[in-house]
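Q: Chain X: place on chain Z using the hints.
What follows is each chain in one-letter form.
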Amino acid sequence: MELENTLAEFISEMGYEKIPLPVIDKAKKCVLDCLGSALSGYDDQVSKTITGYVKDFGGKPQASVLGAAMATDVANAALANGIIAHATDFDDYHEETVIHATGSCLPTVLALAQYLGRTGKDVLSALVVGVDVCIRMGLGLGSYHYELGWHSTATAGRFGATAAACRLLGLGKEQVVNALGICGTQAAGLRQVFGSMTKPFNAGKAAMDGLMAAMLASRGWDSSPDIIEGALGVFDVMTATPNPEIMVQGLGQKFHVMDISFKPYPSCA
Amino acid sequence: MVETGPVAFTSAGNPEPKKGVEAKFSLWFLAALALATGSVTIDKFTDENVADPALVALRNKVNATLVRELKFGARVNVKMTDGTEYKSSTKHPKGGPDDPMGFDELSLKFRNSARMALPEENVEPLLERICNLEQVHDIGELMALM
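Protein chains in written order, with numbering that gives the first Met the number 0: chain Z, 0 to 268; chain X, 0 to 145.
Same shape as in the complex, but just chain Z:
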């Protein structure tokens, strides 16, 4: 419970003015790279299919679908843009955890920021917080989690998307704990689907579920306060080598977005 509280406090309090400029600068590069990667996949089969899907089933026009000149509801925009961002596998990654962090977090941030009419500064701080929580979650789950077959971009990525959305919504600590709890029970995504259209789906679903977790928490939805370290929580179920210490090491001082790598070539290698 302490771990969840510590993370929630960080998410709730880390505003733009508390983030060092080089970190903001790196986040801006992540936005540039992720949007470029997304646009490179605009006519990929997965992008066309998900765009058609949200056209038919999406709700109110609240947020743009990248490269599609249309808008849909925030949750479906996050889903579609998360898929489009990862369609060509050209988006950024974190070397140690092999997580495509921006691809899971930024679609959530942009959809929600557009809906709420927020600023570029709001987007940047939410992305810094989201990517940080995402990578910390990946480090906490350890490489064994990935080796087991979990697609950490989707599992840890959901936590990143949730954190980013909470930051953007300005949720208080207790609501953030609930959001993390709603997020954790949805954490999924298997590496078995690599090489199929369902790999980018994993990233988009993380973006969508993270957004939903934060939106529900903001309306008073509750969940377990112990989703990560609880007896039937994420650590117990999804890894054998959890590392809770590394998740809070240097929290608020060391920003993991600084370790994000960009891909000059569009390959999974």
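Quick caveat, the hints were computed from the structure, so don't treat them as lab data.
The following label-pair restraints were derived from C-beta to C-beta distances:
id: 1; chain 1: X; residue 1: T45; chain 2: Z; residue 2: F56; range: 24 to 34 Å
id: 2; chain 1: Z; residue 1: A230; chain 2: X; residue 2: E47; range: 52 to 62 Å
id: 3; chain 1: X; residue 1: D81; chain 2: Z; residue 2: Y52; range: 47 to 57 Å
id: 4; chain 1: X; residue 1: D97; chain 2: Z; residue 2: N242; range: 17 to 27 Å
id: 5; chain 1: Z; residue 1: A187; chain 2: X; residue 2: T45; range: 27 to 37 Å
id: 6; chain 1: Z; residue 1: Q44; chain 2: X; residue 2: R110; range: 17 to 27 Å
id: 7; chain 1: Z; residue 1: Q248; chain 2: X; residue 2: L65; range: 24 to 34 Å
id: 8; chain 1: Z; residue 1: D235; chain 2: X; residue 2: E123; range: 45 to 55 Å
id: 9; chain 1: Z; residue 1: V192; chain 2: X; residue 2: E47; range: 18 to 28 Å
id: 10; chain 1: X; residue 1: S38; chain 2: Z; residue 2: Q44; range: 18 to 28 Å
id: 11; chain 1: Z; residue 1: Y143; chain 2: X; residue 2: K90; range: 21 to 31 Å
id: 12; chain 1: X; residue 1: D42; chain 2: Z; residue 2: A230; range: 48 to 58 Å
id: 13; chain 1: X; residue 1: D81; chain 2: Z; residue 2: E244; range: 49 to 59 Å
id: 14; chain 1: Z; residue 1: R218; chain 2: X; residue 2: E140; range: 23 to 33 Å
All C-beta atoms, glycine included, are put in the ideal place defined by N, C-alpha and C.
A: The following block gives chain X in isolation, referenced to the frame of chain Z:
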């Protein structure tokens, strides 16, 4: 001969890709493509290229091996029929914190992609707004350009 660590090797471990969408998951195809064309760009990941007889022949000459200690690094050794050898190696891929991509390189990557997807007149205004994102008052104006 291509040697690399476990992540690249298992992610891109498909020696015989059949469809364009599988191209990025094949070290063998990627190495052949790099040798044959000199650049690995996204427009080349097509069904036609994956089945191209010349690329398939070259791909079949590629020997990709897992070397666990290399982690994210890679070693490449190319032997020509006349006996000439070309060797190269790297510890970390380009684009990482040790060998970063700057705003100029990322802007180029952005332009190449954005021009395929968006009206030409949107590309530079969009790039300008992203590069000055902290000055954007309403993110909707940026999203409207995409």
